[in-house]
Structure formats: C-alpha cells, structure tokens
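Trainee: So the chains spell out like this:
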Amino acid sequence: MKVSANIFVISLIFLTLFNILVSLSIGPVHIPLNQIVSNIVLYSLHHDTNWTISTILFYIRLPRIVLAVIIGMILGVSGLITQTIFKNPLGDPYLTGVSSGAAVGAAIGFLVSPFLVPVLAFIFAMVAVGISFLISRSDGEVNTEMLILAGVSVSFLFSAVASYIIYLKIYNLRGVLFWLLGGLYGATWSDDFYLFATLLFIFPLIIYFRRELDIMLMGDEQAKSLGVDTGKVKTITLISSSLVTSIAVSIVGIIGFIGLVSPHIGRKLVGESHRFLVFVSPLIGANILLVADTIARSTPQGEIPVGIVTAFIGSPVLIYLLYRRRKM
Amino acid sequence: MIEIDGLTVRYGKKVAIENLTLRVKDGEHLILMGPNGSGKTTLLKALLGTVNFEGEIKLNGRETKSLSRRELAREIAYVPQIFSTPYTFTVREFVSMGLYSLTREWWKEDARIDEALDKVKISELRDKTINNLSGGELQKSIIARSLVQGSSYILMDEPTAHLDIKSVMEVLDVISNFRDKGTIIVSHDLNALNKLGGSVLLLKNGRAVFRGDKTDPLFKEKISETFDTRISEIADFLYFPLT
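As given, the protein sequences belong to chains A and B, one line each in that order. As numbered in my numbering, residues 1 to 328 make up the first sequence, in order. As numbered in my numbering, residues 1 to 243 make up the second sequence, in order.
So here's chain B without its partners, still in its complex pose (with noise of 0.2 Å):
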C-alpha cells in the first residue's frame, strides 16, 4: 500500500504539487494524467526520493524518508522515458544492473535475468548492445529492468511514448499483463488507458481533480476540464476509423 498524505513540493517559489493525498493499493494499476506541468512526473519523483517534498509518503507502512535508496529501490522500481544511450553495455549487462540493490554478485543471478527478458518477450535480445536497440526494444529492456528490482510497485513516465503501433502494443500487453505489481503510470496515451484498466487520477496544477474508475460519468466531465476541451472533440480526435 502507497499512502501519501498532504504531499507538497516546491521548486522555488513554483508550487508544483500541493496538500496531495492519495492512495494505491497493492497490484492496483493507477494512471495519472494531465497537462503537460500538473504534476505527473514531480509525483513520481517524490515517490522515487528524488526532490525533496513536504508531507508524508508511507510504503507498506514504512516511511520513504526514512529509508536508503537500497531499501526504497527494493519496494519501487522505476521505468523512465526511453532515452538514446550511446554505451555498448549488452542488454542482459543493462537488466542485471536492476539487481543492484539485492546483491552484489549480479552475474550469479542469470536466471531471474532470463525469466525478466523472458517475461516481456525479448529473450533473443539477451546479448545485442543497448546503442544498437529500437525504441521499443529498449522500453522492454527497462521493462525487463525494473522486473528483477523485484518490487511491489512499478513506475512507469510515459512508457509508450516514441514508440512505433507494433511496439505500443506489445508494451501494453506486457503491463497489463502485471498481476502481481502495483504500477503507476504516467500517459497521455487514452488507448493505453483503454487497454490497462485500473483507476485514474487526474491532476492539473498540481492537484487531484478526479481519481476514479474511467467508466465514472464525472470522468468524462473531468477529463474535459482538466484538459479545457470539449469531450466531443477528444472522442473526434481519437476516433481513426481504419476500416
């Protein structure tokens, strides 16, 4: 369980989360959305420790202050927007670095490594270099990454942004196909959203406006809002009739 309680955080004098309360239970699929500065990734980055917050954050009861960053990798992992990488590290090299903060003897571990690449279907990937990935083949790799962090929660920046149809789809399945992680998400992606399931909180200005379930009438209401669009237009947007 994630329990976040009156969360703030301040870049400057810009408040870019305020009073924030929220929680996620264990294997629940949370998305968030938003425009583009509401929050989403300083959220994450607050969870991941990484910018110093006001407020409390509990993971299973433990408090994220208090831990170290070994401590806290072990209960969330992290899934960052796919990034070009010019190091010539092979994939499995780049997935064992995901057992940093459960052993040091990384190279004894090959199994959980091939049932990691197993899991998001790139075991044939195991030995090609990460400069010589695609754009999907890496967000698998970090994928496969954040699975042998062994974690109860996952979090993911936009994880099928960049990505070519095929590869958004293979993405997802493999997300949703998450049974025992908690994940935060964050996506514009609506199909990614139609695709995963799970709740939805949005935010704008560094506030919660709706958490809930996406079939929720005010949903439509608020995703309007939030985004200052008439949801007529969003459904004619997404709408992209191939047959």
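One chain only, chain A, in its complex shape (with noise of 0.2 Å):
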C-alpha cells in the first residue's frame, strides 16, 4: 500500500510536468516541445533566444499554466478538508457560501468597476461564510451539519441578490458569465505569486493536520475519545480552506467540480489515507484544471470559460467513480 502511493503521488508530479510542457505547446501559436526545452535551457542561461517565442512562452502561457496549476492544488486541497470534514462525498470547497458571496461581489464590481471584481468578490465571499459560520456555532465548536444547512441557505440568499443585480442592472451579461464560469485569461506573475503564498499558506496546515483528519472520519466521538480536539481541528480547516477558496475565486472565478472531483480520483488511487491523499488530492487538481484550461483556452470558437470545460470533464468522472461504486 505504502510503495504504491507513493508511485502515485510521483507519478502525479511527473504527469503535471508532462501536462505543463504539452500546455505550453499548445495555442495559436504551435511551439515544438524541442523548441520549448531549447527555450528553456536558453533563457535561463541568459543566452538569446527567439524573442516572440519566449514572449509568448514566458509572459502569455506559462503565467497561465502556472496559475492553472496552482488554482487546481488549491481546489484539490479544499475540496478534500471540505468532504472529510463534512464526511459527506458531494462537498465541494464552495459549500460555505464562498461562491455565491463571491457571485454577489463580482456583479456589484461589474457594477461599480471592473477593477473592483476581485476585490469585492473576496470580501462578499468572506462575508457569506462568516454568515454561515456564525450561524453554525453551538457550544463555541462548529456544527457540520449545521454548516451545510447554513452554507446552503446563504447561497441561496446570495445567488438570489447576484441574480438581481446582474438581471436588472448588467448590460455585459457575456463578461459577467464569463466570471461566473471562471476563466484563467489575464493571468500574470504577479497572480501566480500571490496565489502561490496562498497555497503556501493552507498546504503545511493540511500537512500537520492529515493525523486529525485520518482519526476524524471515525466520527466526532471517537476522535474526540482518542485525544482530537475536533473542534479546534474543524475551525480551522474550515476557515483556513473558505479563505484561499475566495483568494482563488477573486482572480479566476467560480471554477466547479475541481474540489469534488479531485478527492474522489484520490481516493480511488491511494484510499482514505490523508498521509497520501493530502498529495494526491491537490496533483490531480492541478492536472484536470491545466488539461480544461488548454482545452478551454483552444476551442475553434476562441476561449470558453474554463468552467464549463471541467464541469464537462468532472460530470462523466463522478458517474463513473459513484457507478464503480456501486458495483462494489
């Protein structure tokens, strides 16, 4: 068991390398990976190289696949403490109220001025799981189920304010969309910079807590009898996850299935084992969201949004994963 996972979790790095150098290939602009490596070795030498061709390498898609990558461990990461935590196989990272808050946020900012959009999508993010937090306490320790119940109503409530901002006050419904679906145009260093503090923020917290979250899918009570202090192990996972989902969905929008997907597929290759799938999860992020970003990002109608590429490559893998089930 110990020797596969680990072949898996190597195998996943190498992959994404694999998937990054075919990403980089692919565009409008054809590059031949031979020509990528010779890029590569260049440019970090200082030599000279081809200057359209770096150009496009380095400041157009690799900023891009970067951020592909890193957006994807994030959801990987999130998705998996969102259905340990809840012990419950359907939740996603944006279960707390993180996406509709964000929804509500963004349209104001399409509103008032795009610059705003990532600003505002963030703090109307927080402010929805705040609610949804605030309503779930009951003894000062987070009531899961009470959560969902909580995360599901705020949605609902701030899915119905977006809707009537963008329905009544938004004549660019097409960009507005285009948020909602997520997409990883624009996306520079200074993204990924940012973004890559964040993932180095919540990935050694989940590190030091895969113990916890092993013991914790006993149930509460066994883990609280072998020594967990689940409450302070739920707060601040939770908190921690809904904090880097917003800081990921400011800047590329409500990407879906990533954080419900990945867990699964973790899962089915290494088992419930979070020594591994605290690895394995965000890995496979990662590759399915740089595999739909090149897709999206190619199509002959020019971009889509890249939401709409991983809910099409997501939706078959979850029937598959819950038909082998079953099958079980």
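Be aware that a few hints might be false.
What follows is a set of in silico ranges between Cβ atoms, one per label pair, in the way DEER data are often shown [to be verified]:
| hint | chain 1 | residue 1 | chain 2 | residue 2 | range |
| --- | --- | --- | --- | --- | --- |
| 1 | A | Leu-134 | B | Arg-104 | 27 to 35 Å |
| 2 | A | Ser-153 | B | Asn-131 | 28 to 36 Å |
| 3 | B | Ser-123 | A | Lys-232 | 29 to 37 Å |
| 4 | B | Glu-63 | A | Met-146 | 28 to 36 Å |
| 5 | B | Phe-83 | A | Ser-4 | 25 to 33 Å |
| 6 | B | Asn-132 | A | Tyr-43 | 51 to 59 Å |
| 7 | A | Asp-139 | B | Ile-165 | 37 to 45 Å |
| 8 | B | Thr-215 | A | Leu-134 | 55 to 63 Å |
| 9 | B | Ser-123 | A | Asp-139 | 35 to 43 Å |
| 10 | A | Pro-316 | B | Thr-88 | 22 to 30 Å |
Here are the simulated BS3-like pairs of lysine-lysine, each with C-alpha atoms no more than 30 Å apart in a straight line [to be verified]:
| hint | chain 1 | residue 1 | chain 2 | residue 2 |
| --- | --- | --- | --- | --- |
| 11 | B | Lys-222 | B | Lys-14 |
| 12 | B | Lys-13 | A | Lys-232 |
| 13 | A | Lys-232 | B | Lys-14 |
| 14 | A | Lys-232 | B | Lys-65 |
| 15 | A | Lys-268 | B | Lys-128 |
| 16 | B | Lys-108 | A | Lys-87 |
| 17 | A | Lys-232 | A | Lys-87 |
| 18 | A | Lys-87 | A | Lys-268 |
| 19 | B | Lys-25 | B | Lys-195 |
| 20 | B | Lys-58 | B | Lys-25 |
| 21 | A | Lys-268 | B | Lys-108 |
| 22 | B | Lys-128 | A | Lys-87 |
| 23 | B | Lys-58 | A | Lys-232 |
| 24 | B | Lys-65 | A | Lys-87 |
| 25 | A | Lys-232 | B | Lys-108 |
These aren't lab readings, by the way, just hints derived from the structure by calculation. The C-beta atom is built at its ideal place from N, Cα and C for all residues, glycine as well.
From these two lone chains plus the hints, build me the complex, please.
Mentor: What follows is the structure in structure tokens.
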C-alpha cells in the first residue's frame, strides 16, 4: 500500500510536468516540444532566444499554466478538507457560501468598476462564509450539519442578490457569465505569486493535520475519545480552506467540479489515508485544471469559460466513480 | 480512581442523569445495566467529556473539565458499539489511531501495536482492511485500539452486541483478562455479567438504584424492579438447555 501510494504521488508529479510541457506547446502559435525545451534552457542561461517565442512562452502561456496548477491544487486541497470534515462525498470548497458570496461581489464590481471585481468578490465571499459560520456555532464549536444547511441557505440568499443585480443592472451579460464560470485569461506572474503564497499557507496546514483528518473519519465521538480536539481542527481547516478558496475565486472566478472530483479520484488511487491524499488530491486538481484550461483556450470558437470544460470532464468522471462504487 | 459527584446531565428539558455519585477503583470492572434511556450511554459520554454536565468528575484526583482532549485520552479509552465502515485503513493503521494522544510518530510504535493485536488474538489480521472485517474481528480491533492508548480506564458500549456466539465468547475472554485496567461496560447481556465478574451499577431514569456485587440478594430484587419484570421470567428467558 505504502509503496504503491508513493509511486502514485511521484507519477502525478511527472504527469503534471508532462502536461505543463504539452500545454506550453498548444495555442494559436504551435511551439514544438524541442523548441520549448531549448528556449527554456537558453533563457535560463541568459542566452539570446527567439523573442516572439520567449514572450509567448514566458509571459503568456507559462504564467497562465502556473496559475492553473496552483488554483487546481488549492481547489483539490480545499475540496478534500471539505469532504473529510463534513463526511460528505458531495462536499466542495464552495459549500460554505464562497461561490454565491463571490458572485454578489463580482456583480457589484461589474456595476461599479471592473477593477474592483476581485476585491469585492473576495470581501463578499468572506461575508457569506462568515454568516454561515456564525449561524452554525454551537457550544463554541462548529456544528458541521448546521454549517451545510447554513451554507446552502446563505448561498440561496446571495445567489438571489447576485441574480437580481445581474438581471436588472448589468448589460455586459457575457462578461459576467464568463466570470461566473471561471477563466484563467489575463494571468500574470503577480497573480501566480499571490496564489502561490496562499497555497504555501494552506498546504503545510493540511499536512500538519493529516493525522487528525484520518482519525476524524471515524466520527467526532471516537476522534474526541482518541484525543483529537475536533472543534479546533474543524474551525482551523474549514476557515482556512474557505479563505484560500475565496482568494482563488476572486482571481479566476468560480471554477466548479475540481474540488469535488479530485478527492474522489485520489481516494480511488491511494485510499482514504490523508497521509497520501493531501498530496494526491491537489496534484489531480492541478492536472484536471491544466488540461481543462488548455482545452478552454484552444477551442475553434476562441476561448470559452474553463468552468464549462471542467464540468464536461468532471461530471462523467464522477458518474463513473459512483457507478464503480455501486458495483463494489 | 474515578470519582463522580453530583453528576447531572440534561438534554434540553429532559434530565438524562440526575445527581449521580459513583466511585470506580483502579482495575475494577463495573457493569452498567438499565433499561433503554436510563442514562448508561450518557454516563459514558459525560466521562468522555462529549456532553455538557453539572457536577464533578475526577480521574486520579484531576477534574476532567480541566483536562485537554489529549490528557483525557491518556486516562480513558473508549470502545464504541461496532459500526460499519467503508474505509480501507488496515487493522494496523486503525489500531495506531489509539496512539494519537501519546505520539505523532506512530509508525515508530509497531511493537506496541503488535503487542495489543497479540493480546486480543488478531495478529494475523494486521494487514487486512477494516471494511473487510467481520463484526467480531472489528470489535477486537477496536479493543486493541483502546489498549494501545495506554489509559488506566476503558469504557465499553455494548461490546458484545451484534456478535455471533463465538465472537461474544472471544471478546468476553479478552475483556476478562484485563488485569491492570479499570473498565466500565454498558451491557444488556446477562451472560457477559456472569462471565466478567466485578460489580454492577443499575440505572433507572438517570438514577442509580443498585451498586454492588451480583451475588448480593438485593441484586435480584433490584433487577426485576428496574426492568419491571419478574426474576423468574428473566431466568426462564435466559435458560437455553443445550444438553
């Protein structure tokens, strides 16, 4: 078990690198793999390179590819935390109200000034999450059953507000819809930098709590009797995952399915132990988003929102996994 | 020594345990009996600190409310009723969870895990996954997990429920060999009572109605009173002449 799980982790890292190379070559200008490798080598040695190709590679495609990898990892980790803490296989990182909150913020942003979209999306996502958490506190601890219901209720409310604003006030419907379905267009190295910092915040945290998360799968009562401070673990992991998801959403919009599907695929590969899942789930998320984004930016119709592609990929995968489980 | 004084537990307006006082000595086996809803499981929950209560519970002189979860886990282990599980942890990984309160580097404690598996006689299940265990095997794995916890007390909720006869005999055999651990066992199983020895606490409507040895003449009277059944009826029900 342990050996094969390690092999999966290493294979996924190589798969990610392979997908990065493939994705670098695909686009309106096709760049063959050997040219990519020689460009990277020459560029890193400060030699002269083909200026056009270097610009495409290092300022257009690579920042976007890195963004896809980081966002995929963030969604993969957050989805895993949500599913484990809620013990709900349908958990996704948006469950606590992140997506609908962000939608309200974005809608107001489109109304006021497009530059404010990320900031307002983040603020409103945190407001929605905050309300859900406040409603679901009991005895100084997050009540997860309440939190699901609170998240759903808050989501309905915020979705209604967002729809109201969009329906009555916004004429650039295509722009809003594109944002709502998520897109990695316009990615810059500074986006990558911020999100990488975010990933550096959540990743060590979940690695630290991996043992607690395993034990909490046995249920709260058993976990407590084994010495796990379940209240602390729930509060810290859920608030952190909501926070990083909100940051991710504020930059790339609401990309669905990755947080939901990645942990499921991970469990199929390495089992439930978080010792491996904390690495496998984010790597799967990274690969799915990378492939989906490569497809999204190279359709014959031009760029389409990546959320459409992730749903097209994620939904059959999920149905297949559920079907396999039923047969077991 | 477990010292419980004036313990009262309420669920909303309902009083589940009322003003209970109890002492359990080190190494003592105490069997909790009583009708459904008499407060047995609630008493276990109060000891585990998973339910709010009034009054005082002290473990070896320290009040449980002042202990962290980790500290409490080092004093009291818990064997819940068996549950079905979809998870594919191996028995070794599952048992290792009992080491949580003691160390983060559990994989270095293989010897302890092996010792516990040996004590409950399931060494051969070490690498089997818990979703593939029979009820008896899972129950013994849970007991092994409580053993590696290294606590002075183990609480058990219906350890023989839902098990076949052979598994019941094996589980009772394992429990009756606990020499150095105090145990509080919730059980409806009068056979278990007979096999395990130790004293009995009868609960009814959240109050203690009897505490003592099962050979005490008062026990028969109290048990028929508690369950509202004549002792002859219980005896008739229990006897199953095989020979």
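Trainee: Take the hints in turn and mark each one as holding or not.
Mentor: Now the hints, each set against the structure:
1. Leu-134(A) <-> Arg-104(B): 27 to 35 Å: holds (33 Å)
2. Ser-153(A) <-> Asn-131(B): 28 to 36 Å: Between Ser-153(A) and Asn-131(B), where Cβ atoms are some 35 Å apart, the hint holds.
3. Ser-123(B) <-> Lys-232(A): 29 to 37 Å: 35 Å Cβ-Cβ, so the 29 to 37 Å window holds.
4. Glu-63(B) <-> Met-146(A): 28 to 36 Å: Between Glu-63(B) and Met-146(A), where Cβ atoms are some 30 Å apart, the hint holds.
5. Phe-83(B) <-> Ser-4(A): 25 to 33 Å: With Cβ atoms ~28 Å apart, the hint holds.
6. Asn-132(B) <-> Tyr-43(A): 51 to 59 Å: With a Cβ separation near 54 Å, Asn-132(B) and Tyr-43(A) satisfy 51 to 59 Å, so the hint holds.
7. Asp-139(A) <-> Ile-165(B): 37 to 45 Å: holds (42 Å)
8. Thr-215(B) <-> Leu-134(A): 55 to 63 Å: holds (57 Å)
9. Ser-123(B) <-> Asp-139(A): 35 to 43 Å: holds (41 Å)
10. Pro-316(A) <-> Thr-88(B): 22 to 30 Å: Distance hint for Pro-316(A), Thr-88(B) holds at roughly 24 Å.
11. Lys-222(B) <-> Lys-14(B): holds (24 Å)
12. Lys-13(B) <-> Lys-232(A): Measuring from Cα to Cα gives roughly 29 Å; hence the hint holds.
13. Lys-232(A) <-> Lys-14(B): holds (29 Å)
14. Lys-232(A) <-> Lys-65(B): holds (17 Å)
15. Lys-268(A) <-> Lys-128(B): With Cα atoms ~18 Å apart, Lys-268(A) and Lys-128(B) stay inside 30 Å; holds.
16. Lys-108(B) <-> Lys-87(A): Holds - the C-alpha atoms of Lys-87(A) and Lys-108(B) are around 29 Å apart, at most 30 Å.
17. Lys-232(A) <-> Lys-87(A): holds (17 Å)
18. Lys-87(A) <-> Lys-268(A): holds (16 Å)
19. Lys-25(B) <-> Lys-195(B): Status holds; Cα separation ~20 Å.
20. Lys-58(B) <-> Lys-25(B): holds (12 Å)
21. Lys-268(A) <-> Lys-108(B): The hint holds at about 27 Å.
22. Lys-128(B) <-> Lys-87(A): holds (23 Å)
23. Lys-58(B) <-> Lys-232(A): holds (24 Å)
24. Lys-65(B) <-> Lys-87(A): Given pair Lys-65(B), Lys-87(A) holds - Cα atoms ~28 Å apart, limit 30 Å.
25. Lys-232(A) <-> Lys-108(B): Given pair Lys-232(A), Lys-108(B) holds - Cα atoms ~26 Å apart, limit 30 Å.
Hint violations for this structure: none, all hints satisfied.
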